[in-house]
Each structure stands twice: as structure tokens, then as C-alpha cells.
Amino acid sequence: MKRRDFIQQTTAGAAAVTIGSLGLSSFTTSKTKKITILHTNDVHSHIEPFGPEDGRNANKGGVARRASLIESIRNENPDTLLLDAGDIFQGTPYFNYYGGELEFKLMSMLKYDAATIGNHDFDNGIDGLYAQLPHAKFSFLSANYDFSNTVMDTHVKPYQLFNINGIKIGVFGLGIELEGLVDPLNFKETKYLNPIEISEEMTGILKEQEQCDLIICLSHLGYNYRNSEKIGDLKLAASTKNIDLIIGGHTHTFLPKPTIVKNSENKNMLVNQVGCYGINLGKIDFYFDSENNKTADGTSIIV
Amino acid sequence: MRFTHLFILLYIFIFLGCKQEKSHLVKIEGKQIPITDSLQSNAEIEAFIKPYKDHVTKDLDSVLAYSAHTYSKTDGDFNTAIGNFMADAVYDEANPIFKTRTGKDIDMVLLNYGGIRSILPKGNITTKTAFELMPFENSIVVVALKGRQVDSLVSYLCKSKSAHPISKLKLSIDKNFKLLNATVKGQAIDTAKTYYVATNDYLYNGGDHMTFFKPNDSLYNLNYKIRNILIDYFKKADTINPVIDDRFVQIK
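These protein sequence lines are chains Z and F, in that order.
Just so you know, the first sequence maps onto residues 70 to 372 in my numbering.
Just so you know, the second sequence maps onto residues 12 to 263 in my numbering.
Keep in mind the hints are simulated off the structure, nothing from the lab.
Wrong hints could be hidden among the right ones.
[As the list claims (entries may be wrong)] Derived coverage of chain F by chain Z (criterion: at least 3 residues anywhere in the stretch with Cβ under 8 Å from a Cβ of chain Z; other residues may be distant):
no.: 1; segment: 34 to 45
no.: 2; segment: 56 to 66
[As the list claims (entries may be wrong)] For lysine-lysine, the following DSS-like pairs were computed, each having C-alpha atoms within a straight-line distance of at most 27 Å:
no.: 3; chain 1: F; residue 1: Lys-236; chain 2: F; residue 2: Lys-139
no.: 4; chain 1: F; residue 1: Lys-139; chain 2: Z; residue 2: Lys-100
no.: 5; chain 1: F; residue 1: Lys-236; chain 2: Z; residue 2: Lys-206
no.: 6; chain 1: F; residue 1: Lys-225; chain 2: Z; residue 2: Lys-237
no.: 7; chain 1: F; residue 1: Lys-139; chain 2: F; residue 2: Lys-172
no.: 8; chain 1: Z; residue 1: Lys-237; chain 2: Z; residue 2: Lys-206
no.: 9; chain 1: Z; residue 1: Lys-206; chain 2: Z; residue 2: Lys-100
no.: 10; chain 1: Z; residue 1: Lys-310; chain 2: F; residue 2: Lys-38
no.: 11; chain 1: F; residue 1: Lys-139; chain 2: Z; residue 2: Lys-206
no.: 12; chain 1: F; residue 1: Lys-33; chain 2: Z; residue 2: Lys-276
no.: 13; chain 1: Z; residue 1: Lys-276; chain 2: F; residue 2: Lys-38
no.: 14; chain 1: Z; residue 1: Lys-103; chain 2: F; residue 2: Lys-61
no.: 15; chain 1: F; residue 1: Lys-172; chain 2: Z; residue 2: Lys-237
no.: 16; chain 1: F; residue 1: Lys-69; chain 2: Z; residue 2: Lys-257
no.: 17; chain 1: F; residue 1: Lys-33; chain 2: Z; residue 2: Lys-100
no.: 18; chain 1: Z; residue 1: Lys-237; chain 2: Z; residue 2: Lys-276
no.: 19; chain 1: Z; residue 1: Lys-237; chain 2: F; residue 2: Lys-139
no.: 20; chain 1: Z; residue 1: Lys-103; chain 2: Z; residue 2: Lys-326
no.: 21; chain 1: F; residue 1: Lys-64; chain 2: Z; residue 2: Lys-326
no.: 22; chain 1: F; residue 1: Lys-236; chain 2: Z; residue 2: Lys-304
no.: 23; chain 1: F; residue 1: Lys-38; chain 2: Z; residue 2: Lys-100
no.: 24; chain 1: F; residue 1: Lys-42; chain 2: Z; residue 2: Lys-129
no.: 25; chain 1: Z; residue 1: Lys-331; chain 2: F; residue 2: Lys-64
no.: 26; chain 1: Z; residue 1: Lys-180; chain 2: F; residue 2: Lys-196
no.: 27; chain 1: Z; residue 1: Lys-103; chain 2: F; residue 2: Lys-38
no.: 28; chain 1: Z; residue 1: Lys-336; chain 2: F; residue 2: Lys-69
no.: 29; chain 1: Z; residue 1: Lys-129; chain 2: Z; residue 2: Lys-237
no.: 30; chain 1: Z; residue 1: Lys-129; chain 2: F; residue 2: Lys-69
no.: 31; chain 1: Z; residue 1: Lys-276; chain 2: Z; residue 2: Lys-310
no.: 32; chain 1: Z; residue 1: Lys-180; chain 2: F; residue 2: Lys-139
no.: 33; chain 1: F; residue 1: Lys-225; chain 2: Z; residue 2: Lys-336
no.: 34; chain 1: Z; residue 1: Lys-174; chain 2: F; residue 2: Lys-172
Even glycine gets a Cβ: it sits at the ideal position worked out from N, Cα and C.
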């Protein structure tokens with residue numbers, strides 16, 4: 070196989086040279102590619118910006134403003150993914166009146182690519198979440214909720230692959246334990262599975278089988294739980310490998326900058342969370358170079 | 012024809028060549044961008060939101076009742092007018108439902124001081140007032156508790172030094188916060204009797220360290236949100252004018 074790969078690559082290179090004069094000169098093999106990941110979490114139905122009297126959140130947030138910011142970033146770099154880490158629902162009367170319809174419709178207009186499911190997304194029951202699905206033109210990802218005995222079965226994927234400009238990105242979702250947090254009448258027969266074990270399974274699939282260049286975990290586990298057995302993003306990051314970025318939620322954590330964490334192989338990766346209520350947008354840029362330009366320096370992380 | 016085939020072949024080779032060339036991550040840059048009023052709003056999104064906003068605003072602003080004064084949970088030591096109103100509203104609205112379902116009456120109501128999320132201002136009461144008083148989705152549950160556990164509930168209240176809203180329960184304590192007298196619907200608490208205590212699901216699950224709801228004889232979930240109780244109560248009432256009374260007092 071190795072020898073065959075070599076021949077194909079050589080031939081391709083030669084072909085590029087040969088037919089370069091036929092208008093394919095733009096094809097270059099060693100161009101740097103930039104993938105932008107934009108993310109929100111715990112927006113909690115905050116459609117409108119906070120008013121001038123709203124204390125520390127005064128004049129912040131607002132979907133219409135977020136839309137223009139995302140649009141300008143996309144204009145700058147079309148190779149962009151937009152993700153949400155859950156708790157889309159609950160927090161303003163918009164949810165009480167429309168049950169999440171407006172939230173999903175706006176996220177679709179903003180062209181969100183995927184979201185994971187937070188505990189508050191069960192607030193109108195799993196049937197309430199299911200009822201709003203027709204309004205969402207983006208995917209729901211959760212690898213550690215087993216929905217097979219619920220109405221959500223087949224509507225939630227464990228992971229999704231995105232192929233952007235030749236870069237293969239694998240995104241998988243994780244949710245928090247529902248027992249003790251959400252009324253069992255609301256989550257019904259949704260089963261929670263151990264997020265670390267599931268992450269190992271997911272990274273196995275995404276790295277080994279799917280050969281992803283970038284692996285992102287969309288998590289609603291919470292940032293960190295000190296002196297507790299509870300699994301938060303920092304613990305998850307340190308106990309797993311091959312995840313490049315964990316986008317977190319649940320704890321409404323405002324970080325001064327994304328956290329660099331060493332994974333189980335002692336490699337640096339990022340954990341980020343951007344507070345709540347759509348006050349901030351997270352932006353992580355990944356720069357890729359072709360393999361033959363690989364240096365011994367590894368990946369530099371600038372936060 | 013032969014040339015066409017050659018080109019197809021070349022394209023395949025280019026394609027494979029690209030596929031084989033594995034990309035590798037060289038740099039990651041991360042930051043957070045605040046959403047502030049310096050960003051321009053997207054007009055299309057704003058126009059989409061408008062009809063939803065207009066409907067919600069109109070509905071929230073619809074007048075349900077009138078508040079005779081401004082009531083705050085900080086006005087009163089062991090019972091407050093606003094707390095008494097909330098606990099009595101829960102009794103009045105939830106008891107008929109509980110009675111229809113079980114044939115029994117609620118014996119008493121206990122809510123929490125922290126659960127009163129705003130003042131009740133003098134003037135028109137709107138749906139928005141109910142959302143401000145109770146922004147959370149908590150519902151009423153009725154817990155069947157043995158008299159002995161009602162005693163623990165009472166001693167919690169004596170020690171708490173806080174005006175947790177109660178209804179149908181009457182307490183008096185001395186200057187050292189020791190219980191002098193406790194009655195439920197005018198009767199002394201019988202340790203052998205089962206009492207039906209209405210509370211919210213947050214407290215039932217141990218919120219505010221109210222650990223006395225478990226274990227219990229049985230639990231009835233009314234699926235009736237406290238905010239909807241307030242809205243229904245306001246709709247029936249013309250004027251809301253609760254008072255601080257003698258349901259929980261300290262005798263010095």
C-alpha cells in the first residue's frame with residue numbers, strides 16, 4: 070500500500086505540472102488552510118440584547134448582533150463551522166410562549182451546523198424538544214445519551230463529519246447526567262452513559278477509522294468540579310486523547326481565555342466556554358499545513 | 012476519445028494525490044468576541060423577531076389584577092405580606108386539583124423565601140409581574156409526610172430565622188427561637204397522622220437544605236407551575252392586598 074500511495078502522489082504531482090497550462094494551476098499541494106470554529110453555549114432563549122439597566126450584562130448579547138458578527142467572520146473565512154454546546158432553551162418568555170421554536174428558527178437562519186443537548190433543553194419534556202425539531206436546520210449531536218427508547222431516537226447522532234476545504238472534521242456531543250438535575254418525567258427513558266468511556270469510543274472512530282484531521286467535542290458536562298467525582302471538561306480533557314477542542318457549557322463559565330490542557334498523551338489541547346446568554350462568541354482558528362511541510366515544532370497554541 | 016480518457020485519469024490521480032496528502036495542524040488561535048452594542052444588528056433577523064416580540068410584549072403587558080401597595084419579601088420578620096399571598100395562592104389554586112385527583116385536602120403549604128424573585132409593585136399586575144415573581148419553571152408537588160417529619164419541618168423553620176412562605180401552618184417561637192406552639196389548620200401536630208404538604212419540586216429535592224421531605228409516604232406531582240398558579244390567581248382576583256399576619260410570630 071505504501072508503495073502504491075507513493076506512485077499515485079508522484080503521478081498526481083506530475084499531472085499537476087503537465088496540465089498546469091490547462092487552467093488548473095491554482096491546485097497547489099502545500100497551501101496553509103484555516104478552519105474557523107465559532108461557538109456559543111447556554112444562550113437560554115436570550116433573543117434580544119440585555120437592556121441598559123441589566124447590571125453587569127447591560128447592553129450585551131442579542132441574536133441580531135451575533136448574526137452580523139458571524140456573517141463578517143464567514144465573509145473573511147468561508148471555512149467556518151458554527152456550533153452550540155446546549156441549553157438553548159429556557160430563560161426568557163420567548164421559551165414559555167413558543168417552546169423553543171424561535172430559538173431554533175434563528176439558529177437555522179444564523180446557519181448553525183450542530184448543537185448538543187443541555188439539561189434545560191428537556192424543560193418542556195423530551196416531547197417538547199421533539200416537537201421543535203422541524204424548526205431546526207442543524208444537527209443534534211449526543212454520543213452519551215441513549216435515546217433509543219424515546220421519541221428522539223434517530224433524530225440525534227453521536228457524531229458528524231464535516232469536510233471543509235479538504236480538512237476532515239469530526240464533531241461529537243456529550244451531555245450531563247440527567248438524574249437529579251432534570252425531572253424523570255421530562256427525560257423519560259433517556260439513558261446517560263459515561264462520557265469518558267464514550268469519548269474513547271468516539272475518538273477511536275473519528276481518529277482511527279474516519280482519519281479526521283480535527284476532532285471537536287461539544288460538551289454540556291460543565292467546566293470543572295473541584296473535590297467531586299463529577300466529570301467536567303477539564304477532567305475529560307486530561308483523561309482522553311485525540312480531542313483537539315472541547316467546547317463546553319452548563320456551568321456558565323466566563324473564561325478570560327481558552328484553557329490549554331494536557332491530554333492523556335501529554336499533548337496540549339483546548340477547552341473553551343463563553344459564559345452564557347449569548348454575551349460572547351467563541352472563535353478558535355485552526356491552521357493546517359500539508360504533511361510534507363511538517364516540522365518537529367508540533368502545534369503552537371496562541372490564546 | 013483517448014485524450015478524454017487521459018484527462019479523466021489525470022483528474023483521478025490529482026484527486027487521489029490530494030486525498031493522500033494528509034494535512035497537519037500547525038497552529039491554533041483562540042479568543043472570545045464580546046457581543047456588544049458596537050456591533051450592528053442584522054436587519055433581517057430583527058425583522059424576523061419582531062412579530063414574536065410584539066405578541067409576547069402585548070401578552071405580558073395584559074393587565075390581570077391590581078396591587079394595592081408595593082410588597083417586598085424584606086417587609087416582615089417571620090412572615091411577609093408577599094410570602095403570605097404566594098403561599099395562600101398555592102393553597103387556593105392547587106387544593107381543588109389535589110382534591111379532585113385524590114379525594115384529600117392539602118394540609119399546609121411551604122415555599123422558600125429565596126423563591127420570591129421580585130417585589131410586587133403597587134398598580135396594575137400583568138402577566139409580566141408573574142414572570143418576574145417566578146421566572147423558574149418549578150411545579151407544585153404534594154408530599155405525604157408523617158407528623159414526626161412535619162415536626163422536623165417546623166424545627167427547620169424555627170432555626171431558619173427567615174420568612175419562608177407558609178399557608179395553613181401557624182407557628183410561634185420565643186426570643187431564643189424555641190418553638191412555643193405549632194398548629195396545622197388550627198390543630199396541634201399529631202405525630203401519627205399523615206399530612207399532605209404542598210411545596211415546589213425544587214424544595215422537595217432538597218433545595219435550601221430542606222431535607223425533611225424524604226423519605227415520605229407518597230408524592231403527588233400536580234404538574235402545575237407556580238407561575239401559572241399566580242397567573243390563575245391574579246385572573247380571579249380584582250385587587251391583591253395581602254397583610255402580614257400572625258401565622259409565624261416571635262413572642263419576646
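Hint numbers not upheld by this structure, sorted from lowest to highest:
4, 5, 6, 7, 9, 11, 14, 15, 16, 19, 21, 22, 25, 26, 28, 29, 32, 33, 34
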